[in-house]
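Student: Taking the hints into account, I'd like the entire structure generated from these sequences.
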Amino acid sequence: MSTEVDAVRASGDGRPVMSGTPTLEARGLVKTFGHVVGLAGVSLQLYPGEVLAIIGDNGAGKSTLIKCLSGALSVDEGEILMDGTKVEFKSPTDARQAGIETVYQTLAVAPALDIASNLYLGREIRDSGLLGKVFRKLDTRGMRAKAREQLKDLGIGTIQDITQKVETLSGGQRQAVAVARAAAFGSKVVILDEPTAALGVRESGQVLALIKRLRSRGLPVILISHNMPHVFEVADRIHIQRLGRCAGVITPRSHTMEEAVAIMTGATTLDEAGDANGSADAAL
Amino acid sequence: MTAVIEPTGEVRESQELGARIQHTLHRHPAIGPASVLVVSVVVFSLINHRFVNATNLSLLIQQAAVLATLAIGQTMIILTAGIDLSVGAAAILAQMVMAQTAANNGVPGVLAIILGIAVGALTGFINGFLVTRIKLPPFIVTLGTLSIYTAIGLRYSNGASVYASAMPNALIWTGNYVNIGPYQLTTGVILMLVLFAVTSFALTRTAWGRHVYSTGDDPEAARLSGIKTNRVLLSVYLTAGIIYALAAWILIGRVGVASTNNLTNANLDSITAVVIGGTSLFGGRGAVLGTLFGALIVQVFQSGISLAGVQSLYQVLAEGILVIVAVALDQWIRKVRR
Numbered sequence: 502m503s504t505e506v507d508a509v510r511a512s513g514d515g516r517p518v519m520s521g522t523p524t525l526e527a528r529g530l531v532k533t534f535g536h537v538v539g540l541a542g543v544s545l546q547l548y549p550g551e552v553l554a555i556i557g558d559n560g561a562g563k564s565t566l567i568k569c570l571s572g573a574l575s576v577d578e579g580e581i582l583m584d585g586t587k588v589e590f591k592s593p594t595d596a597r598q599a600g601i602e603t604v605y606q607t608l609a610v611a612p613a614l615d616i617a618s619n620l621y622l623g624r625e626i627r628d629s630g631l632l633g634k635v636f637r638k639l640d641t642r643g644m645r646a647k648a649r650e651q652l653k654d655l656g657i658g659t660i661q662d663i664t665q666k667v668e669t670l671s672g673g674q675r676q677a678v679a680v681a682r683a684a685a686f687g688s689k690v691v692i693l694d695e696p697t698a699a700l701g702v703r704e705s706g707q708v709l710a711l712i713k714r715l716r717s718r719g720l721p722v723i724l725i726s727h728n729m730p731h732v733f734e735v736a737d738r739i740h741i742q743r744l745g746r747c748a749g750v751i752t753p754r755s756h757t758m759e760e761a762v763a764i765m766t767g768a769t770t771l772d773e774a775g776d777a778n779g780s781a782d783a784a785l
Numbered sequence: 188m189t190a191v192i193e194p195t196g197e198v199r200e201s202q203e204l205g206a207r208i209q210h211t212l213h214r215h216p217a218i219g220p221a222s223v224l225v226v227s228v229v230v231f232s233l234i235n236h237r238f239v240n241a242t243n244l245s246l247l248i249q250q251a252a253v254l255a256t257l258a259i260g261q262t263m264i265i266l267t268a269g270i271d272l273s274v275g276a277a278a279i280l281a282q283m284v285m286a287q288t289a290a291n292n293g294v295p296g297v298l299a300i301i302l303g304i305a306v307g308a309l310t311g312f313i314n315g316f317l318v319t320r321i322k323l324p325p326f327i328v329t330l331g332t333l334s335i336y337t338a339i340g341l342r343y344s345n346g347a348s349v350y351a352s353a354m355p356n357a358l359i360w361t362g363n364y365v366n367i368g369p370y371q372l373t374t375g376v377i378l379m380l381v382l383f384a385v386t387s388f389a390l391t392r393t394a395w396g397r398h399v400y401s402t403g404d405d406p407e408a409a410r411l412s413g414i415k416t417n418r419v420l421l422s423v424y425l426t427a428g429i430i431y432a433l434a435a436w437i438l439i440g441r442v443g444v445a446s447t448n449n450l451t452n453a454n455l456d457s458i459t460a461v462v463i464g465g466t467s468l469f470g471g472r473g474a475v476l477g478t479l480f481g482a483l484i485v486q487v488f489q490s491g492i493s494l495a496g497v498q499s500l501y502q503v504l505a506e507g508i509l510v511i512v513a514v515a516l517d518q519w520i521r522k523v524r525r
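From first to last, the protein sequence lines are chains R and V.
Going by the working numbering, the first residue of the first sequence is number 502, and it counts up by one from there.
Going by the working numbering, the first residue of the second sequence is number 188, and it counts up by one from there.
Simulated from the structure, these hints should not be mistaken for lab results.
Where a beta carbon is used, it is the ideal one built from N, C-alpha and C, also for glycine.
Treat the hints with care, as some may be off.
Here are the simulated lysine-lysine pairs, DSSO-like style, with alpha carbons at most 27 Å apart [what the hints assert, rightly or not]:
no.: 1; chain 1: V; residue 1: LYS322; chain 2: R; residue 2: LYS587
no.: 2; chain 1: V; residue 1: LYS522; chain 2: R; residue 2: LYS634
no.: 3; chain 1: R; residue 1: LYS713; chain 2: R; residue 2: LYS689
no.: 4; chain 1: R; residue 1: LYS587; chain 2: R; residue 2: LYS666
no.: 5; chain 1: R; residue 1: LYS689; chain 2: V; residue 2: LYS522
no.: 6; chain 1: R; residue 1: LYS689; chain 2: R; residue 2: LYS647
no.: 7; chain 1: R; residue 1: LYS713; chain 2: R; residue 2: LYS647
no.: 8; chain 1: V; residue 1: LYS415; chain 2: R; residue 2: LYS634
no.: 9; chain 1: R; residue 1: LYS587; chain 2: V; residue 2: LYS522
no.: 10; chain 1: R; residue 1: LYS689; chain 2: R; residue 2: LYS591
no.: 11; chain 1: V; residue 1: LYS322; chain 2: R; residue 2: LYS647
no.: 12; chain 1: R; residue 1: LYS634; chain 2: V; residue 2: LYS322
no.: 13; chain 1: R; residue 1: LYS647; chain 2: R; residue 2: LYS634
no.: 14; chain 1: V; residue 1: LYS522; chain 2: R; residue 2: LYS591
no.: 15; chain 1: R; residue 1: LYS653; chain 2: R; residue 2: LYS634
no.: 16; chain 1: V; residue 1: LYS415; chain 2: R; residue 2: LYS638
Chain R regions said to be covered by chain V (calculated; three or more residues, Cβ under 8 Å) [claimed, not checked]:
no.: 17; stretch: 609-615
no.: 18; stretch: 631-639
no.: 19; stretch: 703-715
Tutor: This is the structure in structure tokens:
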């Protein structure tokens, strides 16, 4: 467990004591689609080595928020900062170059390509020889060897054949491939959108373990999920989205699942449930 | 998962064999058409031993060259889950530009070929532009450009043919014979084989190839992986256009006349070759090598059935059955799940 994570949990009452510069920060993000307001001024901080869960009802703006953070959508207003420096993402490639890797709910893997090709899709390694330089030949063997190593590193032992096509994998294995890709290239932040939504109990457990392993490497993770037990199992802090705004930030220690759901659905406000952290977001 | 009824040993064995075949075909899409090709060659030579003699096989490959080359471009487009109905019209337009500029405007042969290739590239670019920028379905775009390119070709040539005697050597160079052992090929056939080798390399061994497959397989996933799918699509249509122009050059050498009456069935025939070659019409699956087999299969059936002394309508019938079998096989292969 990294020291950052210990620091997060050091405060006895479960209140997250966050210090230092957030790895990723959003300030007052606004995104509208015609008359529909996706985000009505959302701020968010992600600190080194923490798992920040984002929960919210359908249409609360979870997906819009992470799409803005991962460059899939451009924001209308507000700013995004990485390590305290303002950044602008015009495309997913921009965000990726800044070190943010996203695993989308739709997985974003090409089913007909093999595992190694998928891990390196969009950033293939070229052969170092003449064929690579002149004819842009790929270093297929090198990519396969590295892919095998990455899967092993993450403790994904169930995948034996790296040349297997992704469509022949089980749901959990596909998810593992997508997460492995994010972990392999996400030098700063990994964003996971509903990684356990389509998985069984055992496979969900594997993905949660994978998230913990990323955190223990000091890599901060943003986890979007509907599944409260999963959120409460791995999250250090929980950002609650409601109607395009942040309804508050809580921790699994300061609040119960019922309270989290109540805030999420608007049955109660963060103040009624007990202000846990005095986060600036709560004022929004 | 609990099995209620345990299948008997025999049933299970046959199921396992089926699954293994399914997986092998899934991994190597060219195996299916390759085996059909081998079986059909064996069957036709049993019916008429003249089928396998060097003269007939040489002729067969020469006849297949133009369709096979056109089908390379078609394969690339179908791999992106598109379709090109303007293949023949684009090739004819390129062909008429090559022949007319050389024969009537005194343009040197090599330059005329380059002009034709440029026209082919332009036709591909227009298709690609309409597909990627105006966001029209490839079927509709190429249905429209099929008529447009045909009309432009007719207007440009006034329906007149240009004969080999009026053309410079460079244009009919593709008809020159190349003898390899007892087999008599043409430079056009060699050009076709080189194009297969080059496109096969590009599609299977380069990042561009991976991007083409992933764009056809799941465009959204490709985009989210950072692939500029529109640029990939545009490059595919453009390359296909260039390949069609090269096919037109091979055609001039093969038939010795540039006419708007050539290649009347090229659109559907090229799709037939691609589909028989094991490339999925849904995109992302298949191989250009399979298309070579597909084009040869079409030609083998044509030649074999006529040598067997059967009416040519049975060749058309056989082709139809092959297409349906190939697509059914593709559907079955795509069902592969663990």
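Student: Take the stretch 609-615 of chain R, compare each residue's beta carbon with every beta carbon of chain V, and decide whether three or more fall closer than 8 Å.
Tutor: holds (count 6)
Student: CA of LYS689/R to CA of LYS647/R, is that 27 Å or under?
Tutor: Within the cut-off at roughly 20 Å; holds.
Student: Would you check the hint for LYS587/R and LYS666/R, treating anything up to 27 Å between C-alpha atoms as holding?
Tutor: Given pair LYS587/R, LYS666/R is violated - Cα atoms ~40 Å apart, limit 27 Å.
Student: Is the hinted pair LYS587/R and LYS522/V satisfied, with a Cα-Cα distance of at most 27 Å?
Tutor: Not OK: LYS587/R and LYS522/V at ~47 Å, beyond 27 Å, violated.
Student: Between the alpha carbons of LYS713/R and LYS689/R, is the straight-line distance 27 Å or under?
Tutor: holds (16 Å)
Student: For the stretch 703-715 of chain R, does the count of residues with a C-beta closer than 8 Å to a C-beta of chain V reach 3?
Tutor: violated (count 0)
Student: With a cut-off of 27 Å on the C-alpha distance, tell me whether LYS415/V and LYS634/R pass.
Tutor: holds (21 Å)
Student: Regarding the pair LYS689/R and LYS522/V, is the alpha-carbon distance no greater than 27 Å?
Tutor: Distance ~38 Å between LYS689/R and LYS522/V Cα, so the pair is violated.
Student: Check whether the Cα positions of LYS415/V and LYS638/R lie no farther apart than 27 Å.
Tutor: It holds: about 19 Å lies between the C-alpha atoms, which stays within 27 Å.
Student: Is it true that the CA of LYS634/R sits at most 27 Å from the CA of LYS322/V?
Tutor: Violated, at roughly 34 Å.
Student: With a cut-off of 27 Å on the C-alpha distance, tell me whether LYS713/R and LYS647/R pass.
Tutor: With a Cα-Cα distance of about 22 Å, the restraint between LYS713/R and LYS647/R holds, given a limit of 27 Å.
Student: LYS653/R and LYS634/R were given as a pair; does the straight-line alpha-carbon distance stay at or below 27 Å?
Tutor: Not OK: LYS653/R and LYS634/R at ~30 Å, beyond 27 Å, violated.
Hint compliance for this structure: hints 1, 2, 4, 5, 9, 11, 12, 14, 15 and 19 are broken, all remaining hints hold.
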